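These protein sequence lines map, in sequence, to chains Y and H. Heads up: the first sequence begins at 0 in numbering that gives the first Met the number 0, then just goes up one per residue. Heads up: the second sequence begins at 0 in numbering that gives the first Met the number 0, then just goes up one per residue.
Worth flagging that the hints you see were computed from the coordinates, not collected in a lab. One or more hints might be untrue.
[Stated by the list, open to error] Partial list, computed: chain Y residues near chain H (C-beta under 7 Å):
1) P2
2) F5
3) G33
4) I37
5) Q105
6) R190
This one's a predicted model, so the numbers in the text were calculated from it and none came from an experiment. Cβ coordinates follow ideal geometry from the N, Cα and C atoms, glycine included.
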Amino acid sequence: MKPAPFEYLAPDSLEEAVSLAAQHGDHAKLLAGGQSLIPAMNFRVVQPAMLIDLNRVTELRYIRQSEGGALAIGSMTTQHELEIDGLVPDRVPLLSEALPHIAHPQIRNRGTLGGSLVHADPAAELPVIALACGARLKARSLEGERWIEIGDFFQGMFMTDLAPEEILVEVVLPPMPAGTGWSFMEASRRRGDYAMMGVAALLRLNGEGVCTSARLVYLNAGDGPVDARDASASLLGSKPTAATFEEAASIASQKEIDPFGNIHATVDFQRHLAHVLTRRALEQASGRAQRSKAN
Amino acid sequence: MQNELHTVRLTINGKQFERDVEPRTLLSDFLRHEIGLTGTHVGCEHGVCGACTILYDDQPVRSCLMLAVQASGHAITTVEGLAKDLKELHPLQQAFWESHGLQCGFCTPGFLMTLVAFLDTNPNPSENQIRAAISGNLCRCTGYQNIVKAVQLAAEQMRAGAA
Numbered sequence: 000m001k002p003a004p005f006e007y008l009a010p011d012s013l014e015e016a017v018s019l020a021a022q023h024g025d026h027a028k029l030l031a032g033g034q035s036l037i038p039a040m041n042f043r044v045v046q047p048a049m050l051i052d053l054n055r056v057t058e059l060r061y062i063r064q065s066e067g068g069a070l071a072i073g074s075m076t077t078q079h080e081l082e083i084d085g086l087v088p089d090r091v092p093l094l095s096e097a098l099p100h101i102a103h104p105q106i107r108n109r110g111t112l113g114g115s116l117v118h119a120d121p122a123a124e125l126p127v128i129a130l131a132c133g134a135r136l137k138a139r140s141l142e143g144e145r146w147i148e149i150g151d152f153f154q155g156m157f158m159t160d161l162a163p164e165e166i167l168v169e170v171v172l173p174p175m176p177a178g179t180g181w182s183f184m185e186a187s188r189r190r191g192d193y194a195m196m197g198v199a200a201l202l203r204l205n206g207e208g209v210c211t212s213a214r215l216v217y218l219n220a221g222d223g224p225v226d227a228r229d230a231s232a233s234l235l236g237s238k239p240t241a242a243t244f245e246e247a248a249s250i251a252s253q254k255e256i257d258p259f260g261n262i263h264a265t266v267d268f269q270r271h272l273a274h275v276l277t278r279r280a281l282e283q284a285s286g287r288a289q290r291s292k293a294n
Numbered sequence: 000m001q002n003e004l005h006t007v008r009l010t011i012n013g014k015q016f017e018r019d020v021e022p023r024t025l026l027s028d029f030l031r032h033e034i035g036l037t038g039t040h041v042g043c044e045h046g047v048c049g050a051c052t053i054l055y056d057d058q059p060v061r062s063c064l065m066l067a068v069q070a071s072g073h074a075i076t077t078v079e080g081l082a083k084d085l086k087e088l089h090p091l092q093q094a095f096w097e098s099h100g101l102q103c104g105f106c107t108p109g110f111l112m113t114l115v116a117f118l119d120t121n122p123n124p125s126e127n128q129i130r131a132a133i134s135g136n137l138c139r140c141t142g143y144q145n146i147v148k149a150v151q152l153a154a155e156q157m158r159a160g161a162a
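Input sequences plus hints: build the corresponding full structure.
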């Protein structure tokens, strides 16, 4: 239960980190919060020859307003920092609702937004939130900067589009348009456990109360965050009702998610949870959308 | 060169320490074996049990998920740093004792470090808030009831003490 030997480097600046990633990317892992990487190293399921620790690169920790009211978040910002910042619930309430579900407070004191996205655990909350919100990711390497659309980022279980010599430096979350309601829900055996199933729902209503856009994204439902396109499409063009929620929940849980089952939940139970959570999340998102219109 | 030693300079319970460590030495093992502070316990080494929780720059973190080398320049508080001296326990420790909030005591240091930080920002917590705060600490002995009572008692004493 102790890691295998490795070399350790702790750059003080992003420039230095980028240079090290270029030199060592093929045999080094970047260390962010370490809340997923270090357990894996303790179990020796991963044995990098070198760790490049990003925790001293303070220029990667920030939460700022960006153009058009978007939120630009440095990749090394911790989940706790996101929980206590005033801009987050205002701009991206879906993120605020999801954060307390991530593991435990002690984990969130070290775990980072960027680290969670790059680790790409299908059971994690942040990839689901990032996908649901339409995040844009900025990566740096010696070549320069590269913007990645979140839809292209997740490539499979624990796999992303990021190259070994690249560092994720920023996550941009667009502001929620007026009339949008949101909800994040998950079901776990004990508080803080990995969820058996979880969903992020976004619903936008126009002046007549008709749904003009919707998003349903699931965790622990496949080999990455699962965007249930057909289910969300089924909500468009009509006013949200219990019947439309039921329809969307059916489509998502029976046709669009592909959960694997695990020690805590069978595949059938995960589908059942997806169905129930979808309905509840859509009810909550719809209520919030209506209140948001009224304001 | 693998396993080249790194020098770590850090503050633990208010005292300065300097040691040479392998990069792979976990902070939990460093505290226990290098420094001799065995109050920090090791339960799972993958971040779920909470027995290894310490304060790192005043924040509760899992010392089994940190490397000693990362702690250079930082301040750590372990359970040994809670009591003012051997005669007077920290009010939280006193409350755990009086409420029978520990049996074997293995999980207790982790609970104490988590709760010290929690009570600092939540001096008057509800039962639900307490249970949420301790969700990251596992106890096999007590069933948690008396731990919750201990926190409620401690919160009351600490509010009274601060008044």
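To see whether the hints hold, each was checked on the structure:
1. P2: holds, 4 Å
2. F5: At about 6 Å, which falls below the 7 Å cut-off, the nearest Cβ of chain H leaves the hint on F5 (chain Y) intact, so it holds.
3. G33: holds, 5 Å
4. I37: This hint holds: I37 (chain Y) lies near chain H, its Cβ roughly 4 Å from the closest one there, short of 7 Å.
5. Q105: Result: holds, 5 Å to nearest chain H Cβ.
6. R190: holds, 4 Å
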